[in-house]
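Peer 1: Here is what each chain is made of, one letter per residue.
Number of protein chains: 2
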Amino acid sequence: MADQIGFIGLGIMGRPMALNLRRAGHALWVHARRPENMAPLVAAGATACASAREVAEHSDIIFTMVSDTDDVEQVINGEHGIVEGLRPGSIVVDMSTISPSATRALADLLETLGGEMLDAPVSGGEKGAIDGTLSIMVGGKAKVFARVRPLFEKMGKNVIHIGDNGAGQVAKACNQVVITQAIAAIGEAYLLAAANGVDPRKVREALLGGFASSRALESHGLRMLDGNYQPGFKAHLHKKDMRIVMESATETGIALPGTALVTQLINTAVGQGMGEDDSISIFRIQQKLCGVQVDRQED
Amino acid sequence: MADQIGFIGLGIMGRPMALNLRRAGHALWVHARRPENMAPLVAAGATACASAREVAEHSDIIFTMVSDTDDVEQVINGEHGIVEGLRPGSIVVDMSTISPSATRALADLLETLGGEMLDAPVSGGEKGAIDGTLSIMVGGKAKVFARVRPLFEKMGKNVIHIGDNGAGQVAKACNQVVITQAIAAIGEAYLLAAANGVDPRKVREALLGGFASSRALESHGLRMLDGNYQPGFKAHLHKKDMRIVMESATETGIALPGTALVTQLINTAVGQGMGEDDSISIFRIQQKLCGVQVDRQED
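The listed protein sequences correspond, in order, to chains A and B.
176 is the number of the first residue of the first sequence in the numbering used here; add one for each residue after it.
176 is the number of the first residue of the second sequence in the numbering used here; add one for each residue after it.
Hints should not be assumed to be uniformly reliable.
The list cannot tell twin chains apart, which means a pair is met if one copy fits it or any two copies do.
To be verified - Lysine-lysine pairs mimicking DSS-like chemistry, simulated, CA-CA at most 25 Å apart:
{"no.": "1", "residue 1": "K377", "residue 2": "K318"}
{"no.": "2", "residue 1": "K316", "residue 2": "K409"}
{"no.": "3", "residue 1": "K415", "residue 2": "K318"}
{"no.": "4", "residue 1": "K316", "residue 2": "K302"}
{"no.": "5", "residue 1": "K332", "residue 2": "K409"}
{"no.": "6", "residue 1": "K318", "residue 2": "K414"}
{"no.": "7", "residue 1": "K332", "residue 2": "K463"}
{"no.": "8", "residue 1": "K377", "residue 2": "K332"}
{"no.": "9", "residue 1": "K316", "residue 2": "K463"}
{"no.": "10", "residue 1": "K318", "residue 2": "K329"}
{"no.": "11", "residue 1": "K316", "residue 2": "K377"}
{"no.": "12", "residue 1": "K329", "residue 2": "K316"}
{"no.": "13", "residue 1": "K463", "residue 2": "K318"}
{"no.": "14", "residue 1": "K377", "residue 2": "K329"}
{"no.": "15", "residue 1": "K415", "residue 2": "K377"}
Keep in mind the hints are simulated off the structure, nothing from the lab.
With these hints in hand, go ahead and build the complete structure from the sequences.
Peer 2: Quick look at the structure:
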């Protein structure tokens, strides 16, 4: 009999990801805190479950896509959680972006209960989730990864096994370290151009032709100039990711001063009511800081 | 009669750039502080001059490629400088990376003397200079740019007119703002990976597939992991560029905290004797700061 698949967490990301699994023909057991989030999946032929435990009772491979470390801990180990219904040999695949150390602890717990775990956070946002083009960074045993890989390939294009449990979360944290500083650096470049009376669009064009070129300059850099703060990736989720990055730096005892700096920008962007906007809103904070208007946004 | 071309400053960058002009068949008058630097040009058919003034006396378009703001001021306006020999309507094209505000002052001076000026700093390093694939960011009048453009195209591939005098220098400053923070961000990501026991090479591979991808991650990011600190672009020149960026931020009264932070890293890299190494040496400083060895370098 084919693997029974479970999916817990059907928000902006989880819903299209689960739909992509369902469309590939997999039997699917789903659960979401908000029952209305299950409706599109049920309409597509999935079975709604009243709890994570009920999903686990029916599933060989259980995906989780929720918001934060606490949510994953609740879904796995809380009341009516996965461990209460875990079948022997079942695999829990957490695709949320959460703490690497908490991930390692959950993997240990599941292993003692006869289960397996992969951490498989993604990048690529809502568009990547809908199109099935997410980047998926996976931590856990190679054997377990090999078994789940065909399912990952229904949801993503760049599916990479990084290392042991937690390594996927570490790679995602590294991704946020790089992308957040890339956005902030582009913002500073635009401010320097504008303060000198130089067109930032011309500067962007020049930089795209050389070593300063990046996917961020192509994509985020254009939206920043257009003052287009529609998400994309919401600032409050980016803030949560940066909290996880800085927690990991603290836990491992390393100094990441550049990351710490941009974390302050995203914190205050959310603090100033931009949490539901795209995380390039840090550029609005940079413009406020400098008293220079660069984007086309009308305030 | 075809334009007579002058070239002043025949160091690591200037020499191959001037050779590319000569190979394209242009009459060339050259000067360098070190006479031995003129030899390869003379061997290729250029005429050695005893001073910048002498170059100016023979040339319609005079390129300068020296180190710093003071050097350009000396070559143009110092003893035996260009202004002493400037022919009416001649164009001075400064391809050094120097201060935008000093550039605007020099352009004003040359205009009062009946000359013209373009600022045309480059990126792409020694390899780009040799291969004729530099990015060239140009400030000055559109008409003057149009006249010099065919010569730029002998030296570079991405030749972009950014704006008025100084705009090329501003674009180059923006380039350094972005690339330096990109290198430092990649360094922090590698440290976070290593501190968590995760292979930074796997992380790099994953990041190259998503929005965190960049030319810097492709090129600098690989050399950082290999511990390959051969220049490339020397740290002491990068330090000079960052000094110019921060001076411009101070002059224009804007806050660039991320740029300020990475400037500290490059300053201390040079201070610790890495000035002749590649500017990715800031990764060595980051590793020292964290007490974590990531690259393959043997110390």
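Peer 1: Could you work out which of the previously given hints the structure breaks and list their numbers from low to high?
Peer 2: 2, 3, 4, 6, 7, 9 and 13
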